[in-house]
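Colleague: Single-letter residue listing:
4 protein chains.
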Amino acid sequence: MSSFGRVYRVTTYGESHGKAVGCIIEGMPSGFEITQQQIQYHLSRRRPGQSSLTTERSESDTAVILSGIQNNITLGTPICISIANSDTRSSDYSQLSAFPRPGHADFSYRMKYGCNAESGGGRASARETAARVAAGALAINYLEEKHGILIISWVESVENIKLPEDLIWTDREEIDRLGSIEITTTENGDWFYKNCEGVSIDKDGNIINAEIEGQREIVNTRCPNPDAALRIAKKIRDTKIDGDSLGGIIRCKCYNVPSGLGEPCFDKLQALLAHAMLSIPSTKGFEIGSGFEGTHMLGSQHNDCFLNSEKGLFPMTNHAGGVLGGISSGATIDFRVAFKPVSTIKKPQLTAKWDGDLEVLEAKGRHDSCVLPRATPIVESMAAMVIMDCLLLQKMQSSS
Amino acid sequence: MSSFGRVYRVTTYGESHGKAVGCIIEGMPSGFEITQQQIQYHLSRRRPGQSSLTTERSESDTAVILSGIQNNITLGTPICISIANSDTRSSDYSQLSAFPRPGHADFSYRMKYGCNAESGGGRASARETAARVAAGALAINYLEEKHGILIISWVESVENIKLPEDLIWTDREEIDRLGSIEITTTENGDWFYKNCEGVSIDKDGNIINAEIEGQREIVNTRCPNPDAALRIAKKIRDTKIDGDSLGGIIRCKCYNVPSGLGEPCFDKLQALLAHAMLSIPSTKGFEIGSGFEGTHMLGSQHNDCFLNSEKGLFPMTNHAGGVLGGISSGATIDFRVAFKPVSTIKKPQLTAKWDGDLEVLEAKGRHDSCVLPRATPIVESMAAMVIMDCLLLQKMQSSS
Amino acid sequence: MSSFGRVYRVTTYGESHGKAVGCIIEGMPSGFEITQQQIQYHLSRRRPGQSSLTTERSESDTAVILSGIQNNITLGTPICISIANSDTRSSDYSQLSAFPRPGHADFSYRMKYGCNAESGGGRASARETAARVAAGALAINYLEEKHGILIISWVESVENIKLPEDLIWTDREEIDRLGSIEITTTENGDWFYKNCEGVSIDKDGNIINAEIEGQREIVNTRCPNPDAALRIAKKIRDTKIDGDSLGGIIRCKCYNVPSGLGEPCFDKLQALLAHAMLSIPSTKGFEIGSGFEGTHMLGSQHNDCFLNSEKGLFPMTNHAGGVLGGISSGATIDFRVAFKPVSTIKKPQLTAKWDGDLEVLEAKGRHDSCVLPRATPIVESMAAMVIMDCLLLQKMQSSS
Amino acid sequence: MSSFGRVYRVTTYGESHGKAVGCIIEGMPSGFEITQQQIQYHLSRRRPGQSSLTTERSESDTAVILSGIQNNITLGTPICISIANSDTRSSDYSQLSAFPRPGHADFSYRMKYGCNAESGGGRASARETAARVAAGALAINYLEEKHGILIISWVESVENIKLPEDLIWTDREEIDRLGSIEITTTENGDWFYKNCEGVSIDKDGNIINAEIEGQREIVNTRCPNPDAALRIAKKIRDTKIDGDSLGGIIRCKCYNVPSGLGEPCFDKLQALLAHAMLSIPSTKGFEIGSGFEGTHMLGSQHNDCFLNSEKGLFPMTNHAGGVLGGISSGATIDFRVAFKPVSTIKKPQLTAKWDGDLEVLEAKGRHDSCVLPRATPIVESMAAMVIMDCLLLQKMQSSS
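Protein chains in written order, with UniProt numbering: chain A, 1 to 400; chain B, 1 to 400; chain C, 1 to 400; chain D, 1 to 400.
Just so you know, the hints here were simulated from the structure itself, not pulled from any lab data.
Just so it is clear, the structure is predicted and the values come from calculations on it, not from any experiment.
Among the clues, some could well be false.
Unchecked claim - The list that follows gives simulated cross-link-like pairs (lysine-lysine, BS3-like), each with its CA atoms no further than 27 Å apart:
id	chain 1	residue 1	chain 2	residue 2
1	B	K353	A	K311
2	B	K146	C	K353
3	B	K19	D	K19
4	A	K395	D	K395
5	C	K162	D	K395
6	C	K353	D	K311
7	D	K395	A	K311
8	A	K364	A	K235
9	A	K347	A	K364
10	C	K353	B	K395
11	B	K162	A	K162
If we strip away everything but chain A, and leave its shape as in the complex, we get:
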């Protein structure tokens, strides 16, 4: 279905080339202050056309709040947000209509529904995720303001270019770090980058982290290491010229999540996160904590032994990724999501048309060559929805 969550419940709507995309958010507590700008901030991080690395389709992605918020205060009622589609260019798709694009949802949608949206990717387009980011923005702001929870993701790798390991701090260090940093509501996500040497943020909140071929520009690779970011930016640019596409891995950490979240046995926190992440277009894998690498360890190496701290018992390592038995332990939630390369490419592919004949397809249209830079706010939004939902559910365990 197009709904996610049990009590913080988000339902999205909208085709890529229809009138609008958007969502209804149920379960947002009343009396919470939030502005349109706070929502827009996250949409702008996802919007197409934000830098030369993304698709040329240009959408302002302005969130219009139709209900549930009045004078910047939530009413406790359903919040409907609408985001218009303005820059659709259906003509690009006329050639595509003869083909199911390889690796794309064209084929399976027709098998399921007996029809396809006539142009664009319909519901399978990543455009649908704009609605998720709007819904996530509310959760992100609530979690940060009311519970001090921070959700931050970044690009860990694109194809074979990987963030240097020394940037992957141990959790002990992260906690210390967190302690010494002033966090403000409007700048969630920025905190991380601010603490990375050589990265700066421009007046519009964009991250400038690379000089490419001598020219300093906004590239927004969302990779916090300048060297890796530069190489990623070049790689994306070259691949785009080549008409091909790239995948990669996004890593996400959720700080200060209280212990006790997650609803075993089926709604374990990692199960909900995996569900959330694998519902994002182009995703192929999810791992938490030690993940697939952890299968090479012995139990005696993998177990995170407990230490006593001021706040109570705390695991001294974090192979578990913040989750024990499907319930948050209080340690940082730490997971990775694998994105396959984008399926719509300009490079020629020999593939069957709907009528069965093999023909060469060279797909036109404006598509990202690599979704990773724009996908970090989507990952954060989905993580926020899961944690918000679990946090509200956990309130029911309170004593009275």
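Knowing the structure of chain A, use the given hints to seat chains B, C and D on it.
Modeller: Just chains B, C and D now, kept in the frame of chain A:
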């Protein structure tokens, strides 16, 4: 929650050391013939004490059907299955009560609920999965008999021992293979092994696939390659003696799944499978098709181009793992699940007690050193629940 | 929550004085042809300002389809419909802000959410039901076209004025009647009235059924008996002048509903209908078949004995109201809904203000004096949602 | 489905003549103390064979707790309760197999599922409600102990015999009364009767409230007026001898329910209560507050004006039945449920057999002639489930 699925809905109950574990299955179509033995077959593949590689806790795991089936025919009403706990040994746990076991749910359960089941792992114990296998058995039988769907999983690796790659056939070959094999309802799962040289099945349906130290015995590593199986069996045995534990990877394929299953945008087929798999105790990762490895490919390499076949268009490779845009494409569903090493180990660990003092823990109790051999029926059961649920939902798309 | 249904799932949004009201409809099968006009037809039957008997607030209630329908064909994806609020007059509400209106949701909303929408009734306003009617219109059209199901409701009583009993046909007669009538998709609902002597329909689809004080006008009492309708129209008009309000009873029948719908034990068809009806603002009671009157009968009188017919066994009377054991029997579904008098009245009431002081309240604002005439499409829409949901679920019982 | 509730979620199972009936309860908060006896108390009030007025089928209805409670403390995990069927007498049903019983679910179950449970009423039997009473007992105890909420129901009428009106107190009086009464956990339900003159309770908790034909015996009509109870008891006895059956009305009040419960727009408190009540076998109607009678009132009469009290604003009358806009107002929840006469009767009925031939049916089997006396704990249990669910959901509105 302890419920899974939207229309084929399974709710499990039961603590490890309580009176019983079991489940209620809602949404099973009426008029389907199934015997207690068909359910028991799958439970026996999961049950503890089945070979020298597993925990010594011995449970017959007899499924008692309390409702919903009469004269071996489903009534369409809720099917309640109860599986008694008989061989609990609470005394082993008295020492443990001072500690939250590292890597275990002890800690997080107390944080969530303010209490723990007094012995055993409570709901966090893998014992809960017996109920899932019972519920999965119904789905497995229905999918196979009514739709010719086969769900098969095997152990792909334990620690660093990996199934040789040449056993990982391409899907084209699998399809040819499927065509030449006679499949019977009662032997689901066996088919795969039967076609692997050097593996035989004894009269009780157990798989004999290794000789260890000159002695041929039933080891049930659930790894279909005799050499790898032998090495895995030895590794598990040695690790057990050492008081340590092992993790590994299970691979699962679902054959003959019709195209059109999965409910975007949030209930994409891979998202539901990831949810299902990450709800199994000890799991840390899920990947479908090319998974994390696929992030190193270019789009032009990753895209599965279409060919025409007798049954219509068909992807000629399967990097997608059988899912396009979250909907099954008709190709084989192909995914992997990472299991971390078991957390309860006999090896000494220095860790904080509930009272905060550091002390050495040497955990007694009868625990698997490696859950992989017993976990294949759990993976298959969860996959079957997901596919069953999606298949029933897809019926609503039919024209009338 | 603001969602209704399990597989035909409708989520509504919108405050009375916000930007818009509307809904997302999930689960509508793909490939179904429906026009905006077919949806608009039902909205026009509900819209305020349609006749002199309703509130003066005038809204065109134009349904804008934002997604899920393309070239008048459903895509199988979520259908979002938006209906703008244009004629809000917040100033009327300034006086009200000091009071919780007696009998109104003002008080309980503040108790629940800690705040109220600043003017109008917010979510408690009957304006929210416009979204339901839009969602119901899709179901009504689908049920009629694909399954020949007709859902018709009418005003049975307003205060003490009651439809003469001889208009309450037995079901046998209804079935005969149904057989001799040609039904067209665009005129659902009209059929009933067409067969009542003395009632005519104007070119806009409005029902002219009374002459009041010598002047023939459109009154839309939705009572199919000219005499009763005339008396009801006069009563409503007089009460309005008096600043008071009226309640009444709506009866609804659903013809040609196939047997087998309803999901015991908790989602019995009558339970879902009761849930649906009691979710409509101002409702206080629901009864099906013999209802409260039936408690005075003996079992031997109440039981509907079976007859054989061409279509198979059929109950010869219908005290059950079309439902046996919570499952449709194939007989006409027949139920009644009680609406209390509208709470916002101009007549003075001595009641406590928010600050606790007693004061006289004379409520301004434009309100219906009697919601019954406008409520029939709401009742039909909710009934259609329930039947649609059950019908889709029942598809899963089919053999393959 | 066989599940009810969103966060306090109850799933029942069991056929009338199968091995057992029972339920799984999800969402019960952890750390709550409850004994098997506290659950059994409510089951005993529902159990068959409790007095000469009920069916002769005699079941001890012993609740066996399989999970989720340890040492009388809830663990927060699913609570599975099993109640064995011991006194089934299938032979009584052999004659019935040729017929769909008039007014019974036999017909519709076969239409839905293509089959019937081979004897007894299967899931349609009121036996299923034993599971509801067990689940309700937990909620009743929790609501009373943690929130001081009392849920009490009684028989208001059987056929034409009605409780005298002077027993229907105004709410003001009820509140005063409540203030002067000591309430203990184990005696919920008894409180009401204790305050009615001429009614006494025996040592087993049974209510003795009538002398029939000079002989004082336990009759348990659950009607709190001795005269009415006597007449009801005689009526039931006479009708039983006659082979016929009776219906009636149960009234239920929920005291001390906090304001703010209910989730508009679709899950209004009265909508959930109506759903709950109409899911009980044999129910045909539900009304809250003024109900159907209220349709005869003017708004100025019906509106409950507010008074200031120590606890804040409070409606001085209760035509609303404790609910405003679908949300509890803090006033007593007050509703009625109509039960039709039992369908299985010994009196001869001329009705079609499955094969279409008309024949006289004289149904054997042990059936209640009037379910009302045994239905009060079912009504209370369903009400408790609804309020529990809403109360837990409302916790999510709390500020932090």
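Colleague: Starting from K353 (chain C), check that the Cα of K311 (chain D) is at most 27 Å away, please.
Modeller: Distance of about 15 Å is within 27 Å: holds.
Colleague: Given the hint that K146 (chain B) pairs with K353 (chain C), does the C-alpha gap stay at or below 27 Å?
Modeller: Violated, at roughly 66 Å.
Colleague: Given the hint that K353 (chain B) pairs with K311 (chain A), test it: the Cα-Cα distance must not exceed 27 Å.
Modeller: 15 Å, holds
Colleague: Does the structure keep K395 (chain A) and K395 (chain D) at a Cα separation of 27 Å or less?
Modeller: Given pair K395 (chain A), K395 (chain D) holds - Cα atoms ~6 Å apart, limit 27 Å.
Colleague: When you check the alpha-carbon spacing of K162 (chain B) and K162 (chain A), does it fall within 27 Å?
Modeller: Answer holds: K162 (chain B) to K162 (chain A) is near 25 Å, not above 27 Å.
Colleague: Tell me if the straight-line CA distance from K353 (chain C) to K395 (chain B) falls inside 27 Å.
Modeller: 55 Å, violated
Colleague: Taken at face value, is the distance from the CA of K19 (chain D) to the CA of K19 (chain B) at most 27 Å?
Modeller: 17 Å, holds
Colleague: Does K364 (chain A) lie within 27 Å of K347 (chain A) when you go C-alpha to C-alpha?
Modeller: Holds, because 10 Å separates the two Cα atoms, which is no more than 27 Å.
Colleague: For K162 (chain C) and K395 (chain D), compute the direct alpha-carbon distance and say whether it is at most 27 Å.
Modeller: Judged against 27 Å, a Cα distance of about 44 Å means the pair is violated.
Colleague: Keeping to a limit of 27 Å between CA atoms, is the pair of K395 (chain D) and K311 (chain A) held or broken?
Modeller: 25 Å, holds
Colleague: Need the status of pair K364 (chain A), K235 (chain A): alpha-carbon distance at most 27 Å?
Modeller: 21 Å, holds
Figure legend: structure checked against the earlier numbered hints; hints not met, in rising order: 2, 5, 10.
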